[in-house]
Structure formats: structure tokens, C-alpha cells
Amino acid sequence: DRTEIGSKGVNVSGGQKARISLARAAYSEADIFILDSPLSAVDAIVQNEIFTKCFLGLLRNKTIFLVTHSPEIIASPYVDRTIEVKDGQLIEVINTDKQDADILIPAYKARNLSSDVVELEEAVSDDASAPLQYMDGLISPSLKSPFGANVEEHMFTPFDENQPQTYNENDTRGKLVVAEERESGRVSQEVFLAYFNAVGGWTTVLTIMAIQCLWQGLQVASDLWLSAWTSTGATLTTDEFQAHAQLNISVYSALAIGSS
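Here the numbering used here = 1-based position in the sequence shown + 24.
Hints in this document: simulated from the structure, not taken from any laboratory. Treat each hint with caution, since some may be false.
[Stated by the list, open to error] Computed beta-carbon distance windows for the label pairs:
hint, residue 1, residue 2, range
1, GLN266, ILE235, 52 to 58 Å
2, ILE56, LYS110, 24 to 30 Å
3, ILE118, ALA68, 32 to 38 Å
4, ILE235, ILE273, 25 to 31 Å
5, THR262, GLY282, 26 to 32 Å
6, ILE118, ILE69, 27 to 33 Å
7, SER255, GLY282, 19 to 25 Å
8, VAL211, ILE235, 23 to 29 Å
[Said to hold, decoys possible] Below, simulated SDA-like cross-link-like pairs (lysine to any residue); rule was C-alpha separation at most 20 Å, straight line:
hint, residue 1, residue 2
9, LYS86, PHE75
10, LYS110, ALA99
11, LYS77, LYS110
Everything numeric in this text was worked out from a predicted model, so none of it was measured. For each residue, glycine too, the CB sits at the ideal point set by N, CA and C.
Working from the sequences, and respecting the hints, build out all of it.
Here it is as C-alpha cells:
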């Protein structure tokens, strides 16, 4: 349940959390289970699987107090009694026609654990650096029941007592989401430098400044040329003005195109 799922760092869903909590409860091998609506977080298909295989299968010999609003579960013939809250009062209904669910998983033959341990010890080499041993304390209670698999399929490497295995809260391996850092006050100089380097640094800035200076120079030059051209009309004759018109138009057009 510590595993992060999805690109946005979403943890396990509500249905997965309900199933994980239910699995932990079933693993505890308690005699009485109080389940606060674990079926409301799953769909109808998964709800039926949990009810038939977990409640009526794995926990068939346990006492279960189940809180649910599912009418199918409430009306099930496998329920001993139902207690309904109606108008602020508790209404108890005892199921006199209760049925026993058929066993879902056939039982394995009884196993001799001591002989299995001897076989495993003989199979392990004496000079092995990390021999696999049968650790009865690490076996799930469900594996000790007649419904479990063969013992040979479940071997564990014991922990080193000098190096205990603990969960490190600061371990970031495989972590999709990290804590967001926030700073208060003015924008730091490093932020401006980061944007400055992102646009290309001094090379890009100097190039843009040169282009802007050239554009402004051409625009001013076109205005000055037009002003000088029109001012000659008062001092030149018509023929002289027409003679220089082609040159003035060409220069002004070039400056205007360059500044556009």
C-alpha cells in the first residue's frame, strides 16, 4: 500500500485499500472479525468474489460482523442474522434457514513438517554463503492450514540480526511524487539566471539587441531621407526635382523595406 500508481502520483485506489485491509485482517488469523463496509469500495463482481471466496471460504469457521448496505449480501442464505437500523431503532432478524456454503478448495493431505525440514536441510549445501532455511515463524498462517500449498514452495532467507531490515522513510527509489518546495520573498537571482540561460545566454541577447538597433536605425534613416527629399522641393526646379526622383524613391523604398 506504499506503492505509488500513475503518472500523477496517485496511491492505491479505494478498492485496493479495502482489499489490502481485508487481506491483513484475514492474515491475522483472529477468531472474530469486525468489517466496516469493505465491500462498498469494490464493484459487484469483486464483491461477489470476496464474499464467496473470503467470507464463505477462508473465513468460513470465523465469526464475522459485516457492515454493508448491499441487499444481495443482507438477503444471502449464508448469513446467520441481520441487524438493521431503521427509524433510530435496531431491528434484528435471525435467519432460521441458514445454509452452509460448500467448501471451495479441497484440502491437501496432512503434511509432516518435521520431515519437510529434514529434506530441506539435506538439500542445502554446507558451504553456501546464504543458505535457505525453513523459517516456520515467517510462514503465513494460511499456509499452515490444510488449504495451503506445499512447504517446499515457500522458503525464506533469514534476516541478519546485526543488520535489521527496517523501512526507510527517506528512500526515494521508485517514488513518483516528491514534496513540492516553496519559497517566500523576492524572486532570487538564480531564477533570473535560469531564464537568462534558457533563452540562449549572451549570444541570443546580443543578437536580439543588434537586430533591434538595426531596425530602429533603418526606421529613423527612412524618416530622415523622406524629410530631406521633400525639403528640396523649395530650392530645386521641377526638372531637377524630377531628375532626382528615381534615386530618392529607390533609397526610401530600400530603407522602408529594411525597417518593416
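Hints versus structure:
1. GLN266 and ILE235 have their C-beta atoms about 37 Å apart, which leaves the hinted 52 to 58 Å range violated.
2. Restraint check, ILE56 to LYS110: a C-beta distance of roughly 25 Å satisfies the suggested window 24 to 30 Å.
3. Remark: the range hint 32 to 38 Å for ILE118 to ALA68 is contradicted by a beta-carbon distance near 27 Å.
4. With their beta carbons about 26 Å apart, ILE235 and ILE273 fall inside the hinted range of 25 to 31 Å.
5. Between THR262 and GLY282, the C-beta spacing of about 30 Å keeps the proposed range 26 to 32 Å intact.
6. Roughly 30 Å separates the CB atoms of ILE118 and ILE69, a value that falls within the hinted 27 to 33 Å.
7. The hinted range of 19 to 25 Å is satisfied by SER255 and GLY282, whose Cβ atoms lie roughly 22 Å apart.
8. Checked against the hint of 23 to 29 Å, the pair VAL211 and ILE235 passes, with Cβ atoms roughly 28 Å apart.
9. As the CA atoms of LYS86 and PHE75 are separated by approximately 13 Å, the hinted pair is consistent with the 20 Å bound.
10. With a C-alpha separation of about 16 Å, the suggested pair LYS110 and ALA99 falls inside the 20 Å cut-off, and the hint holds.
11. Taken as a hint, the LYS77 and LYS110 pair is broken in the structure, with Cα atoms around 30 Å apart against an allowance of 20 Å.
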